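Fit chain B to the supplied structure of chain A, relying on the hints for placement.
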Amino acid sequence: MPEGCAICESTWGDYWEEVEGQRMFFCCEICAVQFKNMINEVKKRTGWPSIGEIKIMGDYRGREVTALRDDKSVYKFIIRFGSKGEIQKFSSL
Amino acid sequence: MCGQTFPVGDYDALGQHYFDFAEKSDIAHVMWLNRYVTRKKTKDAKELSKLLAQYFDLGQTNGNLQKWLRLRFIDRFYGSRPHPFVVALQHPSKSILLGYVIEHQHFLKQWVRSCAYIVAKTDQTDATLYELDNINTEFGGIGTERPAHYELLLKMGESLGMDRQKILSTPSLPDTASSIRSWDDLARTEHWVETMAAMHGLELIADRTLREDGATISYFDPMILKPGSHEVTEETKDFLREGYEADVGHSKEALDLVEKYAKELNLIENVQATFLKSIDIFHRYLMARLQRAEEFDSA
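Chains A and B are the protein sequences, given in the same order. As numbered in the working numbering, residues 9 to 101 make up the first sequence, in order. As numbered in the working numbering, residues 775 to 1073 make up the second sequence, in order.
No lab work stands behind these hints: they were computed from the structure. There may be inaccurate statements among the hints.
[Said to hold, decoys possible] Listed next, the in silico DMTMM-like pairs over lysine to aspartate or glutamate satisfying Cα-Cα at most 25 angstroms (straight line):
#  : chain 1 : residue 1 : chain 2 : residue 2
1  : A       : Lys92     : B       : Asp1054
2  : B       : Lys798    : A       : Glu37
3  : B       : Lys814    : A       : Asp22
4  : B       : Lys820    : A       : Glu25
5  : A       : Lys44     : B       : Glu797
6  : A       : Lys52     : B       : Glu1068
7  : A       : Lys97     : B       : Asp1071
8  : A       : Lys92     : B       : Glu1043
9  : B       : Lys824    : A       : Glu25
10 : A       : Lys92     : B       : Glu1068
11 : B       : Lys814    : A       : Asp78
12 : A       : Lys92     : B       : Asp849
13 : B       : Lys817    : A       : Glu25
14 : A       : Lys92     : B       : Asp1071
15 : A       : Lys44     : B       : Glu1043
16 : B       : Lys814    : A       : Asp67
17 : B       : Lys820    : A       : Glu17
18 : B       : Lys817    : A       : Glu11
19 : B       : Lys814    : A       : Glu37
20 : B       : Lys798    : A       : Asp67
21 : A       : Lys84     : B       : Glu1069
22 : B       : Lys895    : B       : Glu1043
23 : B       : Lys820    : A       : Glu11
24 : A       : Lys44     : B       : Asp800
25 : B       : Lys940    : B       : Asp1071
26 : B       : Lys798    : A       : Glu11
27 : A       : Lys97     : B       : Glu1069
28 : A       : Lys92     : B       : Asp958
29 : A       : Lys97     : B       : Glu1068
30 : A       : Lys44     : B       : Glu1068
[What the hints assert, rightly or not] Partner residues are not named here, just some residues of chain B that face chain A (Cβ under 10 angstroms, in silico):
#  : residue
31 : Ala796
32 : Leu807
33 : Asn808
34 : Leu934
35 : Pro948
36 : Ser952
These numbers come from a predicted model, not from an experiment. Using N, Cα and C, we set each Cβ at its ideal position, and we do this for glycine too.
Chain A extracted, bound-state conformation:
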């Protein structure tokens, strides 16, 4: 059984997608859309070619996220998604 959805940690569902060259588990398609949108936004804002690790706290009301690069660079932000998985709010911390 997978550890949990990359966005919400839920272990329901059986939805897999390849993101950043890695096969990842999501509980549903919306979480996969959210995750991909988030990764693209971080790359756009930081200029990083890739992201090593993502740590997420919070829930559907809003999430505080830490993105880490392999060289130990850190980028923190708050993100909230709309009902279709689009980014509704993004603010760097």
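Leaving out everything else, chain B in the frame of chain A:
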């Protein structure tokens, strides 16, 4: 939740249904389980059935349906992580209030439409009288003495510098529009008792007595209504005060009727399920108010 119906008390069938759809990663079913029951997949459908039976069991509130609805509402909007719009409304910025005005005028039009569906479907005099009074308070008003909630909303918008025509002619955001469609659909298709719970249960948002049942905060900090406070305009105070004073009675009276008829007509589980659907829609709608406010902020 998805329109599929089950015999009263048949949690085995309900559990199997949710388990099967969750296995297929169906968005609506997975989200519902994540939000209301558990994010941890159960070992089988039977285990999920037990959790669902526990979740809907009124034994936890001594058979009191109204209390069950209040506790679910608190979980969703006033728990340890209150809804972001409510957090923003504690000491509201101008853009938060304008976001409220623009989206809410669309909401109130649907509100009376939903109440009218109840009137159209019920033959119970107490329910009809309640709805007529509510429609009048929310939308009609009684002369200049007691302007309707709708009028107070528009006046609040004007006091914040927005022209009435501009308020009325601004289309709602997509999430408000889709929420309104969902409520219209619900009122059109569901039993009138369920619609009563779905709509008037939302008035719990401004019910300050929720604090007695564990809500961590109220809809806004009541200090902003104090006579000497200039944090918000007088028209804003008039609008917020109306909800603050009316919604305790509104939701309680309506939910008393819901309790009475849900028990009489054996609709308790339907009411519970429809209420949960409505607060899901409400969450989306409140986020639209916030989104509108953020548009004002970034303009």
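Each hint tested on the structure:
no. : hint                    : result
1   : Lys92(A) to Asp1054(B)  : holds, 14 angstroms
2   : Lys798(B) to Glu37(A)   : holds, 11 angstroms
3   : Lys814(B) to Asp22(A)   : holds, 13 angstroms
4   : Lys820(B) to Glu25(A)   : violated, 29 angstroms
5   : Lys44(A) to Glu797(B)   : holds, 22 angstroms
6   : Lys52(A) to Glu1068(B)  : holds, 21 angstroms
7   : Lys97(A) to Asp1071(B)  : holds, 12 angstroms
8   : Lys92(A) to Glu1043(B)  : violated, 29 angstroms
9   : Lys824(B) to Glu25(A)   : violated, 32 angstroms
10  : Lys92(A) to Glu1068(B)  : holds, 18 angstroms
11  : Lys814(B) to Asp78(A)   : violated, 31 angstroms
12  : Lys92(A) to Asp849(B)   : holds, 23 angstroms
13  : Lys817(B) to Glu25(A)   : holds, 24 angstroms
14  : Lys92(A) to Asp1071(B)  : holds, 23 angstroms
15  : Lys44(A) to Glu1043(B)  : violated, 38 angstroms
16  : Lys814(B) to Asp67(A)   : holds, 15 angstroms
17  : Lys820(B) to Glu17(A)   : holds, 22 angstroms
18  : Lys817(B) to Glu11(A)   : holds, 15 angstroms
19  : Lys814(B) to Glu37(A)   : holds, 18 angstroms
20  : Lys798(B) to Asp67(A)   : holds, 22 angstroms
21  : Lys84(A) to Glu1069(B)  : holds, 23 angstroms
22  : Lys895(B) to Glu1043(B) : holds, 20 angstroms
23  : Lys820(B) to Glu11(A)   : holds, 22 angstroms
24  : Lys44(A) to Asp800(B)   : holds, 19 angstroms
25  : Lys940(B) to Asp1071(B) : holds, 18 angstroms
26  : Lys798(B) to Glu11(A)   : holds, 18 angstroms
27  : Lys97(A) to Glu1069(B)  : holds, 10 angstroms
28  : Lys92(A) to Asp958(B)   : holds, 21 angstroms
29  : Lys97(A) to Glu1068(B)  : holds, 8 angstroms
30  : Lys44(A) to Glu1068(B)  : holds, 23 angstroms
31  : Ala796                  : holds, 4 angstroms
32  : Leu807                  : holds, 6 angstroms
33  : Asn808                  : holds, 5 angstroms
34  : Leu934                  : violated, 22 angstroms
35  : Pro948                  : holds, 9 angstroms
36  : Ser952                  : holds, 7 angstroms
In summary, the numbered hints that this structure violates are 4, 8, 9, 11, 15 and 34.
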